Amino acid sequence: MSPSALSTRGLDKSFGSLVVASDIELDLPPGERYALIGPNGAGKTTLINLITGMLKPDKGRIFLGPDEITALKPEERVKCGLVRTFQINTLFPHLSALEAVTLAVCERRGYAGSWWEKLPAYGDAIEEAYAILLSLRLAASCHRPTRELAYGQQRLLEIALALATKPKVLLLDEPAAGVPQQESAELFSVIAGLSQEIAVLFIEHDMNVVFRFAHRIIVMAAGRILLQGTPKEIAADARVREVYLGRARHG
Amino acid sequence: MVTSSAVAEPQRYLEAQIRWRPVEIAFWLATLLPFVLTPNYLVLASQIAITALFALSLDLILGYAGIVSLGHAAYFGFASYTAGLIAKWGWGEPLTGLVIAAAAAGALGYLTSFIVARFRHLALIMITLGLGLLLAEAANSASWLTGGADGLQGVRMWKLFGVFQFDLYGTTAYNYSLVVLFVCFLVARRLINSPFGLALRGIRENATRMPAIGAPTRAHIRKVYTIAAVMAGVAGALLAQTTETVSLETLSFQRSADVLVILILGGAGRLYGGLVGAIIYMVARDQFSGINPQYWYFWIGTLLVAVVIFLPNGILGGAARLVRFFERSRA
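Heads up: the sequence lines are chains B and S, in that order.
Under the working numbering, the first residue of the first sequence carries the number 1, and numbering increases by one thereafter.
Under the working numbering, the first residue of the second sequence carries the number 1001, and numbering increases by one thereafter.
Note that these hints are calculated values from the structure, not bench results.
No experiment lies behind these values; they were computed from the predicted model shown.
Heads up, a few of these hints could be off.
[To be verified] With a straight-line Cα cutoff of 25 Å, these simulated SDA-like cross-link-like pairs (lysine to any residue) come out: (1) K118/B with A1016/S; (2) K73/B with N89/B; (3) K118/B with I1115/S; (4) K56/B with W1028/S; (5) K166/B with A1016/S; (6) K118/B with I1125/S; (7) K56/B with I1115/S; (8) K118/B with P1022/S; (9) K118/B with N1040/S; (10) K1159/S with F1027/S; (11) K1159/S with I1100/S; (12) K168/B with R239/B; (13) K118/B with C1184/S; (14) K56/B with N40/B; (15) K73/B with P3/B; (16) K73/B with R1218/S; (17) K56/B with S184/B; (18) K168/B with C1184/S.
[To be verified] A few chain B residues facing chain S, derived, Cβ under 7 Å: (19) R9; (20) F15; (21) N89; (22) T90; (23) A104.
Ideal Cβ placement from N, Cα and C applies to all residues, glycine included.
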């Protein structure tokens, strides 16, 4: 078996007496699409914050490929190839889509510290950013300020910014949050079509989407991993029905 | 609808956006008008150019990187005293003095940037305010060096290039200040149109997202803060050299607050905002204080409140909106 693209060992985190992550052991192989599910407050977003370094774990270690990244800052983890998107749009409202993605490309290529050359002189970065926008069907409105883009386009831009960092591991925090069901399927077909070199872990509440796009599913509840398995196994598991699916059915 | 050719050529589109506009060229040509129209006001014109440069330096950190500072006069005043002291101690050559003073302000800016880069919002305002007050008080108590409340006396400048005497009418002063302002403006313009300038706008627009795309936000802030300090230092040194005196006022909270008001009036994040703001503010002060010296801040206060309420992006922001409105109604 090839080594995991991302793995965690014994991650613990609590806020006072509230345990938000307890002994999280996770292995995401290269190129796989894993879903992270669980009821609200299960600790899914917290886990992404821990993995990306936006929160410090109380205990435990995080590995990207063979390298330990537990002590790295968030931006250093991004440089190593670990990137996330946000459940609530966390974009640059007055930058155009092209500028925003170009910025991310420039940061990766080490251009962003250069203050003596004009931006258009870095044609390679602009071309690359444009190609990403083109692949996500955002090219036609790439010169419009982000805040003027339709909500669904802003969700795509979330992903475009992440892709611009050339990730090995992509963590998507409810990429389709707030998107109508019809568009959500479209959005996930974009995610399914991402390069096979990128391992994807996504949080999603719509079970149809999860069962359709995930190779494996991780179920969290109360800060713990309840179980992991193929969609078939998860669908058949009585505990999952009780904790998550069952409750969801009752609203 | 964006035209398809623009979409096909994103690079060319971005290039067109940063091209020099006719109105910019007109603006710089107009800065020569005081020589012809108001030759008796060249001293004022020179002070406006210096204030404009100071506001431009604040625009780099406030308008582009979103760093609010209430202590920006620290770098202005520090360079002012440096330039004044160099001249007082026997080296009155303006250009080298300017460079040394600016470097000193840059060094101070670099040191303080490590503190500044760690904070945002209210904490940042308090820290910049505190640093400014600290330096002003230090200069006040070190009166053996700075002359204290009496100001620094005995500053004697040599002729510029060994030819142009700093005269009472301000001809040399305005020439000198204007050229230095223009050069610094070119630098600032280049900076904001660079990849680094884009990164600064990213910090202003969303400081949370920046680390998530791999951006070393604090390093960026330290860098722009140092550059802004150098530029504020150039302005401070110019004031010391053209007036041949330095007062504690150059370090005062009042000066930090004034430059913030000037930038907000003109419009932050627009490069010309500080310049336009400086012209309006300084001319208004000159005119109003002639009529009623005690109450001139009443009018500036009124203007500030009105601009912030009705033109949230400053006078230039309002003007840009007006232009767009007319273009749309014509189309």
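We went through each hint and held it up to the structure:
Note on K118/B and A1016/S: the hinted pairing holds, with a Cα-Cα distance of about 12 Å set against a maximum of 25 Å. For the hint pairing K73/B with N89/B, the CA-to-CA distance comes to about 22 Å; that is within 25 Å, so the pair holds. Distance restraint check for K118/B and I1115/S: the Cα-Cα separation of roughly 30 Å exceeds the 25 Å cut-off, and the hinted pair is therefore not satisfied. Among the hinted pairs, K56/B with W1028/S is inconsistent with the structure: their alpha-carbon atoms are about 52 Å apart, more than 25 Å.
Annotation: proposed proximity of K166/B to A1016/S is violated, straight-line Cα distance about 29 Å (limit 25 Å). Restraint check for K118/B and I1125/S: not satisfied, since their Cα atoms lie roughly 31 Å apart, outside the 25 Å limit. For the hint linking K56/B to I1115/S, the alpha-carbon distance of about 22 Å falls within 25 Å, and the restraint holds. The straight-line distance between the Cα atoms of K118/B and P1022/S is roughly 20 Å, inside the 25 Å bound, and the hint therefore holds.
Annotation: proposed proximity of K118/B to N1040/S is violated, straight-line Cα distance about 40 Å (limit 25 Å). The hinted pair formed by K1159/S and F1027/S fails the criterion: a straight-line CA distance of about 29 Å is larger than 25 Å. Taking the CA atoms of K1159/S and I1100/S, the gap is about 17 Å. The hint holds against a cut of 25 Å. Between K168/B and R239/B the alpha-carbon distance is near 32 Å, which puts this suggested pair outside the 25 Å criterion.
A threshold of 25 Å between alpha carbons decides the hint, and for K118/B with C1184/S the separation of about 16 Å falls inside it, so the pair holds. Pair hint K56/B plus N40/B holds up; C-alpha atoms about 21 Å apart against a cutoff of 25 Å. With a CA separation close to 23 Å, the supplied pair K73/B and P3/B stays within the 25 Å bound. Under the criterion of a C-alpha separation no larger than 25 Å, the hint pairing K73/B with R1218/S is consistent with the structure, at around 12 Å.
For the suggested pair K56/B and S184/B, the alpha carbons sit about 32 Å apart, so the restraint of at most 25 Å is broken. A hinted pair counts as satisfied when its Cα atoms are at most 25 Å apart, and K168/B with C1184/S does not qualify at roughly 43 Å. At its closest, the beta carbon of R9/B sits 23 Å from a beta carbon of chain S; the interface hint therefore is violated under the 7 Å criterion. A hinted interface residue such as F15/B counts as satisfied when its beta carbon comes closer than 7 Å to some beta carbon of chain S; here the least separation is about 19 Å, so the hint is violated.
Hint status for N89/B relative to chain S: violated, with the closest Cβ pair at about 10 Å, above 7 Å. Evaluation of the T90/B hint against chain S yields a held restraint, the C-beta minimum of about 5 Å falling below 7 Å. Because the smallest distance between the Cβ of A104/B and any Cβ of chain S comes to about 4 Å, under 7 Å, the interface hint for this residue holds.
Checked against the numbered hints given earlier, the structure breaks hints 3, 4, 5, 6, 9, 10, 12, 17, 18, 19, 20, 21 and satisfies all the rest.
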